[in-house]
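There are 2 protein chains.
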Amino acid sequence: MLSSSNARLAAARRLTRRSARRETGRFLAEGAQAVREALAADAVIELFATADAMARHPDLTGGATEIAPKDALALSETVTPQGLVAVCELAQPSLADVLARSPRLLAVLVEPNEPGNVGAVVRTADAAGADAVVLTGGVDAGNGKAVRASAGSLFHLPVLTAPVQAVLAGGLRTLATSGGAARDLDDLSDDGTLAGPTAWLFGTEAHGLPEDVLAAADETVRVPIHGRAESLNLAAAAAVCLYASARAQRR
Amino acid sequence: MLSSSNARLAAARRLTRRSARRETGRFLAEGAQAVREALAADAVIELFATADAMARHPDLTGGATEIAPKDALALSETVTPQGLVAVCELAQPSLADVLARSPRLLAVLVEPNEPGNVGAVVRTADAAGADAVVLTGGVDAGNGKAVRASAGSLFHLPVLTAPVQAVLAGGLRTLATSGGAARDLDDLSDDGTLAGPTAWLFGTEAHGLPEDVLAAADETVRVPIHGRAESLNLAAAAAVCLYASARAQRR
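Residue numbers (UniProt numbering), protein chains in the order written: chain A, 1 to 251; chain B, 1 to 251.
To be clear, the hints were calculated from the coordinates, so they are not data collected in a lab.
Note that the structure is a prediction, hence the values are computed from the model and not measured.
Backbone N, C-alpha and C define an ideal beta-carbon position, used for all residues, glycine too.
Treat the hints loosely; a few may be bogus.
[As the list claims (entries may be wrong)] Using 20 angstroms as the maximum straight-line C-alpha spacing, the simulated SDA-like pairs for lysine to any residue come out as follows: (1) B:LYS145 <-> A:LYS70; (2) A:LYS145 <-> B:GLY116; (3) A:LYS145 <-> B:ARG13; (4) A:LYS145 <-> B:ALA206; (5) B:LYS145 <-> A:VAL79; (6) B:LYS70 <-> B:ALA43; (7) B:LYS145 <-> A:THR78; (8) B:LYS145 <-> A:ARG14; (9) B:LYS145 <-> A:ALA20; (10) B:LYS145 <-> A:GLY116; (11) A:LYS145 <-> B:VAL79; (12) A:LYS145 <-> B:THR80; (13) A:LYS145 <-> B:ALA51; (14) A:LYS145 <-> A:SER231; (15) A:LYS70 <-> A:GLY116; (16) B:LYS145 <-> A:ALA72; (17) A:LYS145 <-> B:THR78; (18) B:LYS145 <-> A:ARG56; (19) B:LYS70 <-> B:GLY116; (20) B:LYS145 <-> B:GLU230; (21) A:LYS145 <-> B:ALA43.
[Unchecked claim] According to the in silico footprint, chain A covers these stretches of chain B (three or more CB under 8 angstroms from chain A): (22) 14-25; (23) 39-47.
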């Protein structure tokens, strides 16, 4: 019994590495909020909890395996672990599945490199009523920081991986964000563009979108900068764009 | 000479603590982008640079004091310090000064507790063309993480501290964000409210605004949640609200 639980713990610990997440399709969700959403989404394969966490969250930890605080620390990517970690597996639809359901709004992160941004965009996309988030590579959605920043939203809407070419060929109007674009978000709100089904493409904060993606998208768009900032951060830009679409699509 | 430079380095190192920043009115700005903006704003009291950083940024480090890599690490709040740190002092206007200039848009963070959010809102407020950011206490704008997240915007617009009561009595329409508000951002865009001079009040992500602030504000407003997210993160909510005002004020 003990050795089998140790082996399961070791397998869980490996999920802090991306290679193990890719191999197994599993990831870790830490803390009461994430675990609650994971349980509601029927995504929990196994739950580990310290005695403390079991006492604090009896509603969540019925089927949990007890672990020592030092094991909770090893499973955690935070300095103050909550003592509650779920091994999760989420059946995500393919991009073809998502497109078959006539989506209105997609958020597409092209080769994202910052886990906190990935999670923040997943949360914002959920709030804005997007149909799915697409990652084209880079940071994966199961990254510990990304899961945490998504604040449970990872379990609310499809978050899938697909090549950017498949999005570009997917039939939605593709809007590529670029600080150098001639037209800004207000222009697209005014001319009705945002009212139609839209896939928003976001690049990295430092490098933006690759040239070939900018060239292939239906439009390039900038968020207007009214002050002296060079740019918005990615999560803020995504919030402004996705909410502009949400508003335009509901008028 | 050596001992005097050591003493200045020790004084700089103390600025990683809030109490020393409050006492002296000084703070640290790290990295090429922040240092460049600090120099442009004439805010640099003293500049420390490693030999490496001097070689990489000869344009910035003319008057710099050379420090060892281990000293750069002690001045830094990141794990990979850039070897370039400025001691800064910014003359900020008072709230009365700001109000005397007939501002159109203020972002007010009521007792913020997350440095990254403070910096992100400063950056977004700058981008949205806000006239100033007001902090009512809590995290200070000179916090290392806040300076970094502001991406230079701290040097672009006034970021000052004032009691929330002074903002509420300041004559701008005060809009207090609250997930439980009856009216949402789209309602206020539609009825013309957002076109007038506005002070947006934001609380903390976990607790929102205090009841007395919600009661005293001219209106309470929620950002609409179209999906299943419980809420937006503070930086995303601020981005959506400030950009809604920027658009309404420019139509």
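Here's how the hints hold up against the structure:
At roughly 28 angstroms between alpha-carbon atoms, LYS145 of chain B and LYS70 of chain A are farther apart than 20 angstroms, so this suggested pair is violated. A distance of roughly 15 angstroms separates the Cα atoms of LYS145 of chain A and GLY116 of chain B; the hinted pair therefore holds under the 20 angstroms criterion. The suggested pairing of LYS145 of chain A with ARG13 of chain B is violated, with an alpha-carbon distance near 29 angstroms, which exceeds 20 angstroms. The straight-line distance between the Cα atoms of LYS145 of chain A and ALA206 of chain B is roughly 18 angstroms, inside the 20 angstroms bound, and the hint therefore holds.
Using a Cα cut-off of 20 angstroms, the hinted pair LYS145 of chain B and VAL79 of chain A holds, with the two alpha carbons roughly 17 angstroms apart. For the hint linking LYS70 of chain B to ALA43 of chain B, the alpha-carbon distance of about 25 angstroms lies beyond 20 angstroms, and the restraint is violated. This hinted pair checks out: LYS145 of chain B and THR78 of chain A have alpha carbons roughly 17 angstroms apart, not beyond 20 angstroms. The hinted pair formed by LYS145 of chain B and ARG14 of chain A fails the criterion: a straight-line CA distance of about 30 angstroms is larger than 20 angstroms.
A distance of roughly 31 angstroms separates the Cα atoms of LYS145 of chain B and ALA20 of chain A; the hinted pair therefore is violated under the 20 angstroms criterion. For the given pair, LYS145 of chain B sits about 15 angstroms from GLY116 of chain A by alpha-carbon distance, which is consistent with the 20 angstroms threshold. Simply put, LYS145 of chain A and VAL79 of chain B have alpha-carbon atoms about 17 angstroms apart, close enough for the 20 angstroms limit, and the pair holds. The straight-line distance between the Cα atoms of LYS145 of chain A and THR80 of chain B is roughly 18 angstroms, inside the 20 angstroms bound, and the hint therefore holds.
Under the criterion of a C-alpha separation no larger than 20 angstroms, the hint pairing LYS145 of chain A with ALA51 of chain B is inconsistent with the structure, at around 34 angstroms. A C-alpha spacing of about 23 angstroms is found between LYS145 of chain A and SER231 of chain A, which places the hinted pair above 20 angstroms, so the restraint is violated. A distance of roughly 25 angstroms separates the Cα atoms of LYS70 of chain A and GLY116 of chain A; the hinted pair therefore is violated under the 20 angstroms criterion. The straight-line distance between the Cα atoms of LYS145 of chain B and ALA72 of chain A is roughly 27 angstroms, outside the 20 angstroms bound, and the hint therefore fails.
Note on LYS145 of chain A and THR78 of chain B: the hinted pairing holds, with a Cα-Cα distance of about 17 angstroms set against a maximum of 20 angstroms. The suggested pairing of LYS145 of chain B with ARG56 of chain A is violated, with an alpha-carbon distance near 32 angstroms, which exceeds 20 angstroms. Straight-line distance between C-alpha atoms of LYS70 of chain B and GLY116 of chain B comes to about 25 angstroms, which puts the hinted pair past the 20 angstroms bound. Distance restraint check for LYS145 of chain B and GLU230 of chain B: the Cα-Cα separation of roughly 26 angstroms exceeds the 20 angstroms cut-off, and the hinted pair is therefore not satisfied.
Restraint check for LYS145 of chain A and ALA43 of chain B: the C-alpha separation of about 34 angstroms exceeds 20 angstroms, so the hint is violated. Here's how the region 14-25 of chain B fares: 0 of its residues keep a CB closer than 8 angstroms to some CB of chain A, so the rule of at least three is not met and the hint is violated. Proximity of the region 39-47 of chain B to chain A, defined as three or more residues with a beta carbon under 8 angstroms from a beta carbon of that chain, is not established by the 0 residues found.
Hints 1, 3, 6, 8, 9, 13, 14, 15, 16, 18, 19, 20, 21, 22 and 23, counting from the list given before, are not met by this structure.
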